[in-house]
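Asker: These protein sequences, in sequence, are chains F and E. Taking the working numbering, the leading residue of the first sequence gets 69, the next gets one more, and so forth. Taking the working numbering, the leading residue of the second sequence gets 2, the next gets one more, and so forth.
Source of the hints: derived by calculation from the structure; they are not laboratory data. Small disclaimer: the values here were computed from a predicted structure and weren't measured. Backbone N, C-alpha and C define an ideal beta-carbon position, used for all residues, glycine too. Please note: incorrect hints may appear among the correct ones.
Computed Cβ-Cβ distance ranges for the label pairs, DEER-style [said to hold, decoys possible]:
1. E/Lys356 x F/Lys100: 35 to 41 Å
2. F/Asp76 x E/Ser269: 31 to 37 Å
3. F/Ile393 x E/Glu394: 30 to 36 Å
4. F/Asp160 x E/Tyr31: 41 to 47 Å
5. E/Thr113 x F/Arg349: 18 to 24 Å
6. E/Asp437 x F/Phe410: 48 to 54 Å
7. E/Glu394 x F/Asp160: 40 to 46 Å
8. F/Asp348 x E/Glu163: 18 to 24 Å
9. F/Lys537 x E/Asn28: 45 to 51 Å
10. F/Arg349 x E/Pro355: 52 to 58 Å
11. F/Asp348 x E/Asp437: 43 to 49 Å
12. E/Lys356 x F/Asn368: 24 to 30 Å
13. E/Asp437 x F/Ser415: 57 to 63 Å
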Amino acid sequence: MSRLFTRDTQAIFWNNNKTAIQRMLDYDYVIKRETPSVAAIVAPTSSNKFEKFFWGADEIMVPVYKSTAEAKAAQPQADVLLNFASFRTAYDVTMEALEIGGFKTIMITAEGIPERLARKMNAHAREQNVTIIGPATVGAISPGAFKIANVGGTIENIINSKLHRAGSAGLVTRSGGLFNELSNIISINADGIAEGVAIGGDRFVGSVFIDHLLRMEHNPDVKYMILLGEVGGTEEYKVIEAVKDGRLTKPIIAWCIGTIAKHYSSGVQFGHAGASANDDRETAEAKNNAMREAGIHVPNTFNDLPDIINGLYKELKAEGVIGEIEEPEINKIPAYRRPKQFICTISDDRGEEATYAGYPISSVALPSTGKGIGDVISLLWFKKVYPKWATEFIETVLKTVADHGPAVSGAHNAKVTARAGKSVVEALVTGLLTIGPRFGGAIDGAAKYFKYADDNNMSPKEFLAYMKKQGIPIPGIGHRIKSLKNPDLRVKGLMDYAAENFPATPLLDYARTVEQLTTSKKENLILNVDGTIGILMVDMWRALGYSEEEIDEFIESGTLNAFFIVGRSIGFIGHILDEKRLAMPMYRHPMDDILYDVKKAEPIG
Amino acid sequence: MAQKAIREYDAKSILARHWDTYFPNFNYPYRTVLVQSGEELKKAAETHPWLKEMPLVAKPDMLFGKRGKNGLVLFKVNKPGDVTLEDAAKWIDEKRAEKQKVYFSFDGDTPTGEPAEDYLTHFIVEPFTPHSQDEEYYISATVVGDEDVLYMSAEGGMEVEENWDKVVEVRFPITATEEEIEQKIRENVPADVKEEDKEAFAEFAIGFFKAYRELNFAYLEINPFVLQGNNVELLDMVAKLDDTAGFLMVDHWGAIEFPTAFGMEEKSPEVLAIEEADAKTGASLKLTLLKPDARIWTMVAGGGASVVYADTIADMAGIEDLANYGEYSGGPTTGETRFYAETILDLMTREKDPKGRDKILIIGGAIANFTDVAKTFTGIIQAFEEYAEKMKEVGVKIYVRRGGPNYEKGLKDIKEAGERLGLDIHVYGPETHVTDIVRMALEEEK
Chain F
69 MSRLFTRDTQ
79 AIFWNNNKTA
89 IQRMLDYDYV
99 IKRETPSVAA
109 IVAPTSSNKF
119 EKFFWGADEI
129 MVPVYKSTAE
139 AKAAQPQADV
149 LLNFASFRTA
159 YDVTMEALEI
169 GGFKTIMITA
179 EGIPERLARK
189 MNAHAREQNV
199 TIIGPATVGA
209 ISPGAFKIAN
219 VGGTIENIIN
229 SKLHRAGSAG
239 LVTRSGGLFN
249 ELSNIISINA
259 DGIAEGVAIG
269 GDRFVGSVFI
279 DHLLRMEHNP
289 DVKYMILLGE
299 VGGTEEYKVI
309 EAVKDGRLTK
319 PIIAWCIGTI
329 AKHYSSGVQF
339 GHAGASANDD
349 RETAEAKNNA
359 MREAGIHVPN
369 TFNDLPDIIN
379 GLYKELKAEG
389 VIGEIEEPEI
399 NKIPAYRRPK
409 QFICTISDDR
419 GEEATYAGYP
429 ISSVALPSTG
439 KGIGDVISLL
449 WFKKVYPKWA
459 TEFIETVLKT
469 VADHGPAVSG
479 AHNAKVTARA
489 GKSVVEALVT
499 GLLTIGPRFG
509 GAIDGAAKYF
519 KYADDNNMSP
529 KEFLAYMKKQ
539 GIPIPGIGHR
549 IKSLKNPDLR
559 VKGLMDYAAE
569 NFPATPLLDY
579 ARTVEQLTTS
589 KKENLILNVD
599 GTIGILMVDM
609 WRALGYSEEE
619 IDEFIESGTL
629 NAFFIVGRSI
639 GFIGHILDEK
649 RLAMPMYRHP
659 MDDILYDVKK
669 AEPIG
Chain E
2 MAQKAIREYD
12 AKSILARHWD
22 TYFPNFNYPY
32 RTVLVQSGEE
42 LKKAAETHPW
52 LKEMPLVAKP
62 DMLFGKRGKN
72 GLVLFKVNKP
82 GDVTLEDAAK
92 WIDEKRAEKQ
102 KVYFSFDGDT
112 PTGEPAEDYL
122 THFIVEPFTP
132 HSQDEEYYIS
142 ATVVGDEDVL
152 YMSAEGGMEV
162 EENWDKVVEV
172 RFPITATEEE
182 IEQKIRENVP
192 ADVKEEDKEA
202 FAEFAIGFFK
212 AYRELNFAYL
222 EINPFVLQGN
232 NVELLDMVAK
242 LDDTAGFLMV
252 DHWGAIEFPT
262 AFGMEEKSPE
272 VLAIEEADAK
282 TGASLKLTLL
292 KPDARIWTMV
302 AGGGASVVYA
312 DTIADMAGIE
322 DLANYGEYSG
332 GPTTGETRFY
342 AETILDLMTR
352 EKDPKGRDKI
362 LIIGGAIANF
372 TDVAKTFTGI
382 IQAFEEYAEK
392 MKEVGVKIYV
402 RRGGPNYEKG
412 LKDIKEAGER
422 LGLDIHVYGP
432 ETHVTDIVRM
442 ALEEEK
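Next comes chain E alone, as it looks inside the complex (with noise of 0.2 Å):
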């Protein structure tokens, strides 16, 4: 939830769309296509005849940085501007062919830290804009504690972060309204900006802001843009959005992907499940996959129960052992619950413990301010009943804890199941400290 990055041709797209509210005075070509492969790119040349006739510049568009740096930018085949449609398509494919190592960051250019390898799937390609140096400006603008924060500096490029001693921070609480917002600016332009650029820079500034308030974006960077009279060309964009806004924006944005980070693994088919259940219930319903073969699953009632008993695992047991994280609450019903239990167990019975250990489920829960425990634990044993044979096949013993409206019935039903079924089950209540399951299951074993 909350502030989700975007793809740079996506966050192009969204201010081209609203250009001409936030920029009436300046023109702006957008010039820019996704693909995927080198034929999309050829096929897109057809709608887009600039393709065919401009140099251009190539680029994985799939949220990471330090593009440049990773060798990932396509510029040049023998010198800076004369790449063509066929050179773009030709390397798109050698890209995307094999996977990719991408660091995240570096000292000068030397990669730092241990690089994420995944294929590359998505290019933006654009007009080569021949400009220089000092025509390359920065701005960027996001919220940091209460405020929101606009960053500018006449240092664009790759050289903004040797230089963010030159960047000029300008903070707005959220109640400034537009007139502060512009004086503030106008005030603020940074003196190493070209004087005849100024007044163009301080307009092009307070369209940016505004456009990045109204339009709901948690994040926005440009960098670098560059400014010749009033043609802009924005070359290089990041963006977030706070997508609980996206009831607002449905028009505003257009269509939005939030696509995974690259190196991310690709979410399971599992956790998409969950995750369409989750978007069609007033309860919440989640699922992260850590370490699918780890010994210790966990089917937790509420977000912050979930994060203790994660902890408490991490602690005890340490965190190779930790299997899942996630959480369900807000009351669901009983068939959500049951097929939320019911995609857990089916991904523990899998494979046994490779050392030959028992698994450990351990569903708990804090005392519940509203949801019925005994409806929740019903679609719980539903799910038992489905797949007891697998958990013993596989030996998982079940660690139970919780409290709230009508425990006392959910915690005799569920002792009561596991029994009947000859399930190895361990039941407590409110009486037992939440957390104290974790440790009674792992001091059983020594």
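Extracted from the complex, chain F is given alone in its bound form (with noise of 0.2 Å):
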């Protein structure tokens, strides 16, 4: 690998850093990549499943995961992590990383990691090939295809000094104050970089100066490198080792900073944690004149580099090592931009013609196109467009609750509003406010309650032992007056189709166990119409591909008593307009129904 990243590197990124995913995604804007480089965030503690950034003027969503395992599972072609957690939990968060797996770079920002920790994660780390960058780092970039984090700073900063696209040196820094320093010296001295790194100020940090020289070293991209080091350890002189033995070939311009330290004799720490000479060997003069000796361009202080890096430049010009650069076409931020209130994933009203999750409304409204009602709940429900066997099971469920006679208490009050003379709309409202937990909600109960036992390998003994346990009665089971042998025909109905249509009904086949169970006790605790419906949608579900945890999802969310909703509003509206027909009078319900049975107040204190 001798690049570092790619136009296509994605990384997933810890902690929900919002500046600095937003400066990383506007940078992708900029040299027009094709998708964001922040694939993931992860968020421990965020309840959210996206986070919006800009892109350009519009805008996008990133997927916030809970946990790393998560967020690589869901985006496995994203192998950066960019590890922005506190120096308390930086380790954790590596080493997890590291034992999941398919990372080539990991960036750790916290400053003051414990030392034997970051120690045992970069060893490990080295080990499975992965390059960590930092701790301590503001991270690192490939000008015209990746940027990490807030490196290069502002998007003005950014392309003024040419870190919008790959220039000719290969930078690698300890400080990232200087790195930005650096790029803007170079894009004045020189055409930019062509990557760079900023390794980090802790006294251990994962990857050295050595190991992105020598990458850098077969970049083809890199014609000369840059290495600005500083007092303390000893990492230059593997650079001059390299140097010396030929693996290091290309033009080398270095300086190490903290060439004061040595009028100080102790207690004074200049710079970074990592930057205080144990020796003699370690000050920054003597790297400097090591580096020297050994053939390094090396100016005679800091002052002095943007000549040398402008002299070097010029000569690799000449001798046309370097060309010309085109210079890209880049897209703008627009000065203004403000984030939407609204999100919309289902349909599109923007174009010819208005889409449900993309087919225009006419390929599934009209009577050739074989589509039904199944189908439009399957695209503006789902987004998906299920098969035939699906979409009719659907409609099927719809038709079957329809209606349930003017007795239950949906029907009744959307009856009894009707006659007070309000609207079919409110009316129909107050009979959908029935439907919760004790009406209609036994659909989305015998869903939740029969996963779970099925789920978690429950007999049906153990599942009736847990629901008395619980204190709940099972959802889905028991009917006014229907048994065994006197079934319920809407049952039997959707059994039989399932039966037929449905590639497999395993949670069905579950509930049928319990319910001999059931019906052993007591002869019309049968699995009744709501029970029916709840589990067959979680077996269509199933059938289709979804995974336990988006069926949960499906239930936890409602998704089974919306189907109760829409089929039985059709009920109700009869029932209303039954009513505006009969135009019946104002109801009032007859007294002695009604046990009164009030005693006088008490005063209290």
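Could you use the hints to bring the two separately framed chains together as a complex?
Answerer: As structure tokens, this is what we get:
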């Protein structure tokens, strides 16, 4: 791997650091990347499923996960982890990512991770051939391809410093602040950088100068390299060795900052935690001299660095090693943009013809299309094209639950309201408002509890015991008058349809074994129509390939009740129109049907 | 940050606290007290009766070594092992009464280099342990490169340095398992350890190295320790802790103090105030006073940039002109920056330059990655408003160079404020080389 990142590189961003992520996406937009460089965010305490970011003037959604494992499973192509956890948790986050595997690069921003933990994490990463950048770093950049978080600063500075497209220098620094400064110097005195890394200021960092320089040696975009070191440590000597033994052949410019440290015996810490000379070899001066002797271009002071860069650049250009760079076209970030208040992911009315989940309405509405209301539901509720057996099942359910007579509480409410002279919509909502845990809710409940029992491999007996312990009658079991001998034909119809058309019905099969047990106790404890619908919906989704988690989410969000709401609205409206036609007067409940039991209130206190 | 020296007394206390975990088969009496005066020592004798019953050894516990060669170990009055509680108390009061000279290096018994001179404030007192030279062993551990290194020698005490060739070095990668560690140590017990001690030495060394690793020591040395069967005496210890592990080690270390090295100037109230502010913020605020009467002061953003400015000033003006070193970074708030700036302005406007020259204030910084320049400069401007009169009185030339988020506004604001307040201010942006303002400030002088 001669290049650290490409235009396709995607990262998982650990911690919802919105500013840094927006900077990455702005960069992506400017350089015209096709995909956002952040594929996912890990935020353990967030309950959000996604976070909105600007993409130019538009907005995109980046999915949010609770753990690195979930994020990596959902976005396996993302092979960079940007670990923005604090110094307390950064180690655990890195170790977990190494365990999960599939990451090529892990960048760690925290400063002050315990040294022993930093060393352990670095050693494990090295064993697995994972490049660690940091800890205590601002990151790295491959101009024109991928940029980590805040490196390069604002988008204006990025363009000023020519970090939006590849130049010819390979840059490695310890300091993050000076990385930016060096990019600026290189853009003024040469043609920008091809790849750059700030390795981080802590004493134990995962990848060091030599690791990056050796990679850049093999990166054809890099024509010469610039190293900015610091007093303390011996990493620069590894570079000198590589120059001497010929592993590094491209020209190198280098400078170690901290030459002042020699004037102060001890106690003054200049620069980062890693910057403290333990012996003479580690002073900035000794390292600068040693590098100079090895043939590396070393200026006399930091102030002279720009001239050295400019000199070498001109030389390489004259030799034809460095050619002209064609300035690429870039996108401009609009000066003014505002976040959108609403998001819609199911339909779109901006084009020639409005669409349902990408399908023009006419393509599902007209009889000639052969599509029914089940197809419309599958598009608008689930954003998928369901197969015929599933859409027909949905329609069967809607037809089955459309009405159950005037006496049930919802229909009764609708009728009472209609008789009070209210409109169709007013009467309808009073009916709908009764739908919940006791009315219609058995569909949700049955799906939830039967699935729970099945997921946990409970025997019917265990399931009954469990529900008893919960103090809940089993939802979807029991009918006022029907029994096994006198079956509910709606139930039978649904079951027969499923048997004929569903690929498999594992949850229904399980529910039937439960039913055997309950009916052995009492005849009318049969699987009722609500139960059958709830259970078969789960079987439908399983057969359609949804994960158990996704199905649990459908149940939690009340999707099953939604079928009941749509279906029963047909019945309610029927009752309301019936009342309107009959012009029945205002309803008053007979007083003799009310038990009056009112005692005089006692004063308190 | 990172590796910090602790007192011998604290090092022994940490080991004693975890003794049964690491040295279950050895007895260590842990008879040691840390006192600041003779009176305190006598008071300690009430709870530590051995101070009255046993002959004592007393020495300063202030992070420096070579105490014997500096004549700062009390182990005899007339003959070794005759020091009483009274003697020790008297000696401590004598030694702390006036400044003492301490040499850090010796050629044989002759001191070399410059001594540090300061008051002795902390003393460690322990029982005198009669033993023979051949019972003294040496052991230490530290990090070299990426590896832990364990040093072991049969020649302990003063002799270890002269006999460094006899020291056995064993290196361990960070990933070494307990089994690997035990095996390697057993295989490498120094040959000249007495035959009857070899097993005990190995076992002690294993416990020692595990304690070093697990308790997050950065350096740990016992020189010498004395093995008498299963009894161990830790005669002298040196230790550094990795203070970044502090949050993991709260219970393991107990209350730990990281003292200033002997002879180092005590931190000024201003420096302590900045340290306190630094500890409370997620940003970074650092200040070191180098020479408070010097005329060039720096207020630089960023760890790397601050070093580059210091380097350049040392090169162009010389270190005798550099008053301070420090940096602010990581996006401090306006209030934090104001406090930092006021601290520096207050320090630099206390006296005029003795030679009558203008003072120079370098407000420098590289191109920031994420720190909002306008926001931090607002803090500096507020400090200007507070100190403008004093700055004019003393004579201060201000050179500003900065880039990064919102820098145009920041630079414009600070220039306007400087001019409004009648200050001598020169403002530059990213088009000017980062350290070039140092050259400009000095050149204008000539």
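Asker: Taking the hints in turn, state whether each one holds.
Answerer: Consistency of the hints with the structure:
no., hint, result
1, E/Lys356 x F/Lys100: 35 to 41 Å, "59 Å, violated"
2, F/Asp76 x E/Ser269: 31 to 37 Å, "55 Å, violated"
3, F/Ile393 x E/Glu394: 30 to 36 Å, "54 Å, violated"
4, F/Asp160 x E/Tyr31: 41 to 47 Å, "35 Å, violated"
5, E/Thr113 x F/Arg349: 18 to 24 Å, "21 Å, holds"
6, E/Asp437 x F/Phe410: 48 to 54 Å, "52 Å, holds"
7, E/Glu394 x F/Asp160: 40 to 46 Å, "55 Å, violated"
8, F/Asp348 x E/Glu163: 18 to 24 Å, "22 Å, holds"
9, F/Lys537 x E/Asn28: 45 to 51 Å, "57 Å, violated"
10, F/Arg349 x E/Pro355: 52 to 58 Å, "39 Å, violated"
11, F/Asp348 x E/Asp437: 43 to 49 Å, "31 Å, violated"
12, E/Lys356 x F/Asn368: 24 to 30 Å, "28 Å, holds"
13, E/Asp437 x F/Ser415: 57 to 63 Å, "60 Å, holds"
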